[in-house]
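A.B. asks: Chains as they are written, first to last, in the numbering used here: chain H, 1 to 101; chain B, 102 to 266.
If you're looking for bench data, these hints aren't it; they were derived computationally from the structure.
Take these hints with a grain of salt, some might be off.
To be verified - Derived CB-CB ranges, DEER-like:
no., chain 1, residue 1, chain 2, residue 2, range
1, B, 211, H, 90, 40 to 50 Å
2, H, 35, B, 209, 20 to 30 Å
3, H, 93, B, 169, 17 to 27 Å
4, B, 196, H, 83, 25 to 35 Å
5, H, 35, B, 247, 17 to 27 Å
6, B, 158, H, 93, 28 to 38 Å
7, H, 90, B, 259, 17 to 27 Å
8, H, 96, B, 196, 19 to 29 Å
9, B, 238, H, 90, 35 to 45 Å
10, B, 262, H, 3, 45 to 55 Å
11, H, 93, B, 233, 35 to 45 Å
12, B, 239, H, 97, 31 to 41 Å
13, H, 95, B, 146, 37 to 47 Å
14, B, 234, H, 5, 30 to 40 Å
Unchecked claim - Quick look at which bits of chain H chain B covers, simulated, 3 or more residues with Cβ under 8 Å:
no., region
15, 4 to 15
16, 27 to 33
17, 39 to 51
18, 59 to 68
Every residue, glycine too, gets a C-beta built ideally from N, C-alpha and C.
The lines below spell out each chain.
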Amino acid sequence: MHLIWIFCVYVIILFVIGIYCILATLNLVRMLIGIEVLMKAVTLLIIVAGYASGRTSLSQSLVITLIVAETVLIAVAMGIVLSIYRHTKSLETGSLTRSKG
Amino acid sequence: MAVIDELILFMLAASALWTVMTRSLLRSAIGLALTSVMLAILMFRLNNPFAAVFELSVCAGLISALFFCIITITEPMTPEKVREEGGARFERFRYLPVIVLIVGIVLRILTVKIDVKLPALEEIVDVRHFLWGHRQLDLIGQIIILLCGVFGIVILLKEIRKKGG
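Excised from the complex, chain B in its bound form (with noise of 0.2 Å):
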């Protein structure tokens, strides 16, 4: 494992907790975009191209985006009540950083040998062949739940055009 992979692992962990624990919540949808790009890197790093770029482009861009126009739509508070409520949410808070690095350090100290024997299966490298040749029901899985999330979607949209109408 090089040092750069424990660099990025560690910006990958820093960036989940500054999301987790940053004020604003326009910063913390810039944090999981940071996030999503820190795992994208190491995707990238790990031999996955593929899943590297799907989680930039989905992960990154469009869930980010989604994000940003939830936060824009409900008006998120001005700036003066974030300060008056940063104290009561600093008391939530607080715990977190040293449990992380509780967590961290006994976990480093701990080393466990994982020596998994898995069955063999034969290794096809191209992505898209396994996908299409041996996890068609992954596919028929990911346009099930697609159909139901856009059928949720527009009952929701059903019901809030109803309630304003």
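Just chain H, with the same shape it has in the complex (with noise of 0.2 Å):
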């Protein structure tokens, strides 16, 4: 089997588990989790295009800007969390449809 291939074939897995944790979850804190899930199938597929291309310095330094907004982006949305959590009291995704705007 081609050795690219075999890499899709997880990057591909990673990828439907990071969607459907997104889609059916309803925790709010559970659908960060699945974002990051999403992200690593990301990184998973960077690093290989990297290895098979021959340009590992390309990679890494596109892995690290991938790494350094996926921490942003995290915490950027448990401050959310929390905010949502301080206003409802809970972590339910139902919980929103009660807001204003």
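Grab the two chains, each in its own frame, and use the hints to assemble them into the complex.
C.D. replies: This is how it looks when you write it as structure tokens:
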């Protein structure tokens, strides 16, 4: 079997797991965990692309940028989740339908 | 591709599945850290040591600590409530292992030969020289993202303090 394709299979599997988690869960923290799993799939794809094309320095610099963006995204999202929890005393997505705006 | 690589890939997918399927949020966070560790090992094996160090320290360390903090602050459900809600959760997530299994089997049977010809680029082995010499815009982007993050968190904390006081 072609080497890159084996990695691509696992990238797609991680992507399916992340998307399913975001769609099926009703908990905001678990939704963030789903986004993290999606990010892992993207990271793996960049690493495999860099390895296959022989440009590991480019892939590493892209992954470092991605990790910085991921960390900031999660930190800000957690701040928003905390703010929602202080307002509604719940982490369920259903509680958001009662918000103004 | 060595057998160990495929084993690590399998463990990566299995830990991601466990992260999503497990009932407790704390176990989910631990599973996420485990997924990051597997990815970091894979990065080391695919000649990406700098990215692996970042993945291990930031994703498996810092982000997991952030998740533990938020789970502790938001008072997770009691074990009794988790057991009560478990049935409904199982209803929603019962299709996931089946979907993953079907997707995995179908994709393994459908072997697509990816033979992409990318434009040639001079290979600079050291990532530090590459990042500082060729990707300065990325660094500027990273600084802007970090500042945006800090600004967002400061505004959120200010709002929370206003509501509290």
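A.B. asks: With reference to the structure, classify each hint as holding or not holding.
C.D. replies: Evaluated hints:
At about 43 Å, the beta-carbon gap between residue 211 of chain B and residue 90 of chain H stays in the expected band of 40 to 50 Å. At roughly 27 Å, the beta-carbon separation of residue 35 of chain H and residue 209 of chain B lies within the given 20 to 30 Å, and the hint holds. Between residue 93 of chain H and residue 169 of chain B, the C-beta spacing of about 22 Å keeps the proposed range 17 to 27 Å intact. Hint check: residue 196 of chain B to residue 83 of chain H, Cβ distance near 33 Å, so the stated range 25 to 35 Å holds.
Checked against the hint of 17 to 27 Å, the C-beta distance between residue 35 of chain H and residue 247 of chain B comes to roughly 19 Å, which is consistent with it. Between residue 158 of chain B and residue 93 of chain H the C-beta distance comes to about 32 Å, which sits within the given range of 28 to 38 Å. Between residue 90 of chain H and residue 259 of chain B the CB atoms are about 23 Å apart, so this pair conforms to the stated range of 17 to 27 Å. A hinted range of 19 to 29 Å holds for the C-beta pair residue 96 of chain H and residue 196 of chain B, which are about 25 Å apart.
Between residue 238 of chain B and residue 90 of chain H the beta carbons are some 42 Å apart, a value that agrees with the proposed interval 35 to 45 Å. Residue 262 of chain B and residue 3 of chain H have their C-beta atoms about 53 Å apart, which keeps the hinted 45 to 55 Å range intact. At about 43 Å, the beta-carbon gap between residue 93 of chain H and residue 233 of chain B stays in the expected band of 35 to 45 Å. A C-beta distance of roughly 39 Å is found between residue 239 of chain B and residue 97 of chain H, which places it inside the suggested range of 31 to 41 Å.
Between residue 95 of chain H and residue 146 of chain B the Cβ separation comes to about 44 Å, which falls inside the hinted range of 37 to 47 Å. For the hinted restraint 30 to 40 Å between residue 234 of chain B and residue 5 of chain H, the CB-CB distance of approximately 33 Å keeps it satisfied. With 10 residues carrying a beta carbon less than 8 Å from a beta carbon of chain B, the region 4 to 15 of chain H meets the three-residue requirement, and the given coverage holds. Judged by the Cβ-Cβ criterion of 8 Å, the region 27 to 33 of chain H is covered by chain B as claimed, because 5 of its residues qualify and three suffice.
Look at the region 39 to 51 of chain H against chain B: 7 of its residues bring a Cβ nearer than 8 Å to a Cβ of that chain, three or more, so the hint holds. Under the rule that three or more residues need a Cβ within less than 8 Å of chain B, the assignment of the region 59 to 68 of chain H holds, with 9 such residues.
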